[in-house]
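There are 2 protein chains.
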Amino acid sequence: MRPDDQRRAGIGYTVVPRTLVFLTRDDQILMLQGAPDKRLWAGKYNGIGGHLEPGESPYRSALRELREETGLVVESLALRAVIHITLPTPPGVVLFVFLGAAPVGEPTESDEGIPVWVEVTALSELPLVEDLPELLPRLLEPGPVLFATYFVSDEGLEIRFD
Amino acid sequence: MRPDDQRRAGIGYTVVPRTLVFLTRDDQILMLQGAPDKRLWAGKYNGIGGHLEPGESPYRSALRELREETGLVVESLALRAVIHITLPTPPGVVLFVFLGAAPVGEPTESDEGIPVWVEVTALSELPLVEDLPELLPRLLEPGPVLFATYFVSDEGLEIRFD
Numbered sequence: 688m689r690p691d692d693q694r695r696a697g698i699g700y701t702v703v704p705r706t707l708v709f710l711t712r713d714d715q716i717l718m719l720q721g722a723p724d725k726r727l728w729a730g731k732y733n734g735i736g737g738h739l740e741p742g743e744s745p746y747r748s749a750l751r752e753l754r755e756e757t758g759l760v761v762e763s764l765a766l767r768a769v770i771h772i773t774l775p776t777p778p779g780v781v782l783f784v785f786l787g788a789a790p791v792g793e794p795t796e797s798d799e800g801i802p803v804w805v806e807v808t809a810l811s812e813l814p815l816v817e818d819l820p821e822l823l824p825r826l827l828e829p830g831p832v833l834f835a836t837y838f839v840s841d842e843g844l845e846i847r848f849d
Numbered sequence: 688m689r690p691d692d693q694r695r696a697g698i699g700y701t702v703v704p705r706t707l708v709f710l711t712r713d714d715q716i717l718m719l720q721g722a723p724d725k726r727l728w729a730g731k732y733n734g735i736g737g738h739l740e741p742g743e744s745p746y747r748s749a750l751r752e753l754r755e756e757t758g759l760v761v762e763s764l765a766l767r768a769v770i771h772i773t774l775p776t777p778p779g780v781v782l783f784v785f786l787g788a789a790p791v792g793e794p795t796e797s798d799e800g801i802p803v804w805v806e807v808t809a810l811s812e813l814p815l816v817e818d819l820p821e822l823l824p825r826l827l828e829p830g831p832v833l834f835a836t837y838f839v840s841d842e843g844l845e846i847r848f849d
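Chains as they are written, first to last, in my numbering: chain A, 688 to 849; chain B, 688 to 849.
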């Protein structure tokens, strides 16, 4: 449905709801090295996450994606950021970013990629997904839920934190 | 775009992103009595809110809706809940619910409805939007961000808090 059709149907602007989870253990953070055949961010390092499904809260969705992509079952996650990604053509994306402490046990890999423990101080040496050098340091500081807007255009990515 | 078409286009499930704000002052809460000609919830009492626009974070969107619907300019709001409303046909709705202290000054009305200060103890006497009797008491208690899923079907509304 094109934006004009959506407006006529009274639906308006829509977004794809997604989750992104970062688990920590001592001075390390769990990153997923994207599979080389992924449509987006092939080979890049990111947190763990995916699409929200109908009937699922962002919190439950984050726990499910963690389980599916790493085999890890986490007791609790904290919502740390909500990011609205505006794309050249709707729908946009709303990304719920969670932070949590890793449970005992090692992560296992899935079709999505390989989970890897990385020293926080070594993150800058990795090919990270583009927004993470700005986002991750803010996430790892305690504080209220962060809000940000990302603008994606032909000129690249522009990031604004509230 | 129908769900099947969306999946083929690689977009997947989408939601309409919305905000809902409750301002408090002493033992009162600011409710909006919906205009009688509104498409949804005509005449019912609800918080203040509306659609997220492209390029706008949920937080900025909430501040804008408050300004537009009540004339009030608020210093800060706290995210209190994220609600995923699953409808019989996509898109669903993701509702960002904020709580804040009212600034000095009286609210002014808009086309959306009439803002009214209501004693919290008198809320149960008003025709509230259907989920509020369950949601509001939880919102007014301090705590981490709440997550809930609402299921809307022919049988009515089913509410699940995480």
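It should be emphasised that the hints constitute simulated quantities derived from the structure, not laboratory data.
Worth double-checking, as some hints may not be accurate.
If several chains are the same, the list does not tell them apart, and a pair holds so long as it fits within one copy or across any two.
Claimed, not checked - In the SDA-like style, the derived pairs of lysine to any residue whose C-alpha atoms are separated by at most 25 Å in a straight line are:
#1 725 x 831
#2 725 x 848
#3 725 x 825
#4 725 x 699
#5 725 x 843
#6 731 x 808
#7 731 x 809
#8 731 x 699
Results for each hint:
Taking CA atoms no more than 25 Å apart as the test, residue 725 paired with residue 831 passes in neither setting, with 33 Å inside one copy and 35 Å between copies. Proximity of residue 725 and residue 848 under a CA criterion of 25 Å is satisfied in neither setting, with 28 Å inside one chain copy and 34 Å between copies. For a Cα distance limit of 25 Å, the shortest separation of residue 725 from residue 825 qualifies neither inside one copy, at 27 Å, nor across copies, at 41 Å. When the C-alpha separation of residue 725 and residue 699 is checked against a cutoff of 25 Å, the pair qualifies only between copies, where the shortest distance is 16 Å, while the shortest distance within a copy is 30 Å.
In the homo-oligomer, the alpha carbons of residue 725 and residue 843 lie at most 25 Å apart inside one protomer (20 Å), although the nearest pairing across protomers, at 40 Å, exceeds that limit. In this homomeric assembly, residue 731 and residue 808 come within 25 Å of each other (Cα to Cα) only inside a single copy, at 18 Å, whereas the closest approach across copies is 53 Å. When the C-alpha separation of residue 731 and residue 809 is checked against a cutoff of 25 Å, the pair qualifies only within one copy, where the shortest distance is 15 Å, while the shortest distance between copies is 54 Å. For the identical chains of this complex, residue 731 and residue 699 are inter-copy neighbours only, at 22 Å across copies versus 33 Å inside a copy, given an alpha-carbon limit of 25 Å.
Against the hints set out earlier in the document, violations occur for numbers 1, 2, 3.
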